[in-house]
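**Q** Sequence:
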Amino acid sequence: MASWAYFAVILAAVLVALNVLWIDPGTGVGTKFLDAVASVSDSHEVYFINHRYDGIQLWQVQGTTGIHELVWLSSFISFFFLYPSTFNLLEVAAVDKPKLHMWETGIMRITRHPQMVGQVIWCLAHTLWIGNSVAVAASVGLIGHHLFGAWNGDRRLVSRYGEAFEVLKKRTSVVPFAAIVDGRQKLPKDYHKEFFRLPYVAITILTLGAYFAHPLMQASSYQLPW
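Take the UniProt record's numbering: the last position of the sequence shown gets the number 226, and nothing is skipped along the way.
Everything hinted at is true.
Okay, derived cross-link-like pairs now, BS3-like style, lysine-lysine, Cα gap no bigger than 25 Å in a straight line:
{"hint": "1", "residue 1": "189", "residue 2": "169"}
{"hint": "2", "residue 1": "169", "residue 2": "186"}
{"hint": "3", "residue 1": "170", "residue 2": "186"}
{"hint": "4", "residue 1": "193", "residue 2": "169"}
{"hint": "5", "residue 1": "170", "residue 2": "193"}
{"hint": "6", "residue 1": "170", "residue 2": "189"}
Quick list of simulated restraints, FRET-style, between CB atoms:
{"hint": "7", "residue 1": "163", "residue 2": "192", "range": "24 to 32 Å"}
{"hint": "8", "residue 1": "137", "residue 2": "24", "range": "26 to 34 Å"}
{"hint": "9", "residue 1": "58", "residue 2": "158", "range": "36 to 44 Å"}
{"hint": "10", "residue 1": "140", "residue 2": "209", "range": "24 to 32 Å"}
{"hint": "11", "residue 1": "67", "residue 2": "24", "range": "47 to 55 Å"}
{"hint": "12", "residue 1": "21", "residue 2": "155", "range": "29 to 37 Å"}
Just so you know, these hints were derived from the structure itself, not from any lab.
Backbone N, C-alpha and C define an ideal beta-carbon position, used for all residues, glycine too.
Taking the hints into account, I'd like the entire structure generated from these sequences.
**A** Structure representation (structure tokens):
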């Protein structure tokens, strides 16, 4: 009983302090902090576009032969990893309770966490191209976020689905191509057909469209005072 009493007193003190110092608009700084963050930009994408060349220039390779092509190809490939997790959403019927569908076809044969891999490729490519402290800071934050998400996602799936996920985990890998190289992922003879699907075609079209629309996107973002 004594330990519970101590816990109740400590919890009450923490909650009172939290309310006074952070939550209460009259005395706390929470509202002011959130307002200050929101005032920086209504969109972090727009803010990054407008401020991507701020900070300290660490290297400059934009004029180096082949760098533009390398960055373009890397960015193009990254989108094939970033968006495949939405492909099979239609497998869940609207009248059914949502269920986890653990699939391992297409891009999932390459890596169990395609969004993380795609984000890493995208960040490395854009950081190489921009070459300043802003790009490095943004990339470190994004990559760290996705690495934690991959680790935490596996942890939660193991906890929730147990052996069912362990079986999938043994046949796939986080590191791209690792499960294929060491033989855990067996490729069927017609595995290439898994990539001839409408979603991959849509990604190809949208990625090319986004690339050619870059000047328009940049011009539009510059009109916003963020």
